[in-house]
Amino acid sequence: MASTLSVDIQRRLESFTLRVQFTIGAEILVLFGPSGAGKTQTLQAIAGLMKPDAGRITLDETVFFQRYPGQPQINLPPQRRRIGYVFQQYALFPHMTALDNVALPMGRGREARRRAYELLDQMKLVHLAQRMPHELSGGQQQRVAIARALAAQPNVLLFDESFSALDHAVRTQLHADLRALQAERGLIVVYVTHNLDDAFAVGQRIAILQEGKIAQIGALAEVCRFPATLRVAQMLGLSNIIKGRVVAVELDRLWLEWEGYRIEAVCPSPPPAPGSWVTAFIRPEEIRLVYPDRPLTRFAGHNLLAARIIEQRPGRRLNHLWVAVGAMTIEIAHPYTAYIGMDISAGQDVQIGFRPESVVIIPDHSPQSVPVYSQVSHHL
Amino acid sequence: MSWSAFWLSLQVTTIATLCIVLIGLPLALVLARRTFPGQIVVETMLMLPLVLPPSVVGYYLLLALGSGSPLVEWFQIRLLFSWPAAVIAAVVVGLPLMFQSSRAALSNVDPQLEQAARTLGLSEWRILWRITLPLARRGIIAGVILGSARALGEFGATLMVTGNIPGRTQTLPVAIYDAVQAQRYADAHLMVLVMTGIAFAGLWLVRRLEQRPKSQTMIVHEDLYGIHVER
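Here the protein sequences line up with chains V and W, keeping their order. Following the numbering used here, the numbering of the first sequence begins with 1 at its first residue and continues without gaps. Following the numbering used here, the numbering of the second sequence begins with 1001 at its first residue and continues without gaps.
Hints are computed from structural coordinates only; laboratory data are not their basis. Keep in mind it's a predicted model, so treat the numbers as computed, not measured. Certain hints may be false.
[Claimed, not checked] As a list, the in silico DMTMM-like pairs of lysine to aspartate or glutamate whose alpha-carbon atoms are at most 20 Å apart:
| hint | chain 1 | residue 1 | chain 2 | residue 2 |
| --- | --- | --- | --- | --- |
| 1 | V | Lys243 | V | Glu259 |
| 2 | V | Lys243 | V | Glu264 |
| 3 | V | Lys51 | W | Glu1124 |
| 4 | V | Lys124 | V | Asp100 |
| 5 | V | Lys51 | W | Glu1114 |
| 6 | V | Lys243 | V | Glu357 |
Start from the sequences, fold in the hints, and give me the full structure.
Spelled out as structure tokens, the structure:
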């Protein structure tokens, strides 16, 4: 069955007004944002644990919540919404075994226990059915919590930073299980996190929440490739954010003046006016060092800049280099085996290059565009 | 030993304990879960009998039960100098202990567990019986024991409102006082021993409840599907 959950709510909070609007089908939507952005409140509103000041929440034809001037007010209690909520701190009932925790929503009796066993089996926990929650590891407790949430046969599953207390390997496994579960049951899943790695591990779409508003919503790859605002780019941890002046626009190309160089970039639509200032970013992985003794091929004619190496440091997947271009610092990420024959120790003068497609112009909607961008963080 | 006083004390304590639970538990639930203006005044009033001199409590009870009170004037219910007056005195002094202990236990129940239960479709009534009360049971039981022990030992206010009629309104603590006044020390010894024994047993039970079950130190190795436990 194809279901749609649509959320459009408003609520006055202490320091800002939460105002979010989105619809979600049978998919995993990641609600991403810093702590205090209103992510948990959004989930609580969907589950009925918090009452918005105004708005409407519906799952297909069922109205969970409605409060508009001139319309009848509806506020379905959480018990009647059939929404699975998986908390960060597991929230297992500490006085019940794993099995009883899962069986509780299904009432008493043999049938409830049989189905609870089934669910535990599906979560690969059946051998731990008789344990108390405090006898289980964090990952196991969270699996019990998921099994319990499924027991009420929900259409919607909400995850509130559910895996953030678990270590990396366990999280990776739970993410894979969650994706499989979603696909198998056709669930609507909203997954709240402030961890970008988690967002990429589970999400299909991402909504970026900032002070109670959705700054951008879309497919993960899309949002990361084309952040809608500077703030979104910063929240996504994009580095090499530069600010340059448009010097020429020509069909699908434009040229920026930055640190005394003319940088060629792909022209966004609508094209910015020549002479205006724009913000752009260049992914560290897409910047290369140019071997001085090899012929230029792909880079020929585009974006070749003189730089001096400041620092190099190994990263989790790639090595990182920081180079100075004029007064600015640019980050470069490269595979371990690249540039082996090259001296890339600090102080060396090198030439760097990148393709025009690698320079992404960020549309400047943000009212507070402060011209201090090129401070690249040295801490990953 | 005055057996009639012993049985009367038992009767008074049993009924008083029932009342203490029926009044104290709902009060504790409401005050642990809701906030309302004037809450602190209500809570202070509830705790007052714990610190007031018994004669003051007795005096208030005389006013509440004696002639001229609404109870007598409007409903023609005369309780003064009868054994139900002893029950009322016992409830008034035992209630604060029940309230305090169970309120603390109920406040300690993580509200998130109740929220979780709501999303799982459990009715409020089932949440109360399956989640909230079981999780607070130690504190509630401790409150019942402390409250009933206090009810059993009530002396001052009881003396003032029951009139100390042997065989009819004389409870065990009052009988002890009488025995000492009449220099029947053998009687007094026995009754004192009985009272001490009951009090000791009650407190011992409370202490046992307050000790959480021995938590075994466990090192649980994070292992996805299996578990490896060292004790």
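Hint by hint, here is what the structure shows:
no.	hint	in the structure
1	V:Lys243 with V:Glu259	10 Å, holds
2	V:Lys243 with V:Glu264	13 Å, holds
3	V:Lys51 with W:Glu1124	18 Å, holds
4	V:Lys124 with V:Asp100	16 Å, holds
5	V:Lys51 with W:Glu1114	17 Å, holds
6	V:Lys243 with V:Glu357	17 Å, holds
In this structure, every one of the numbered hints holds.
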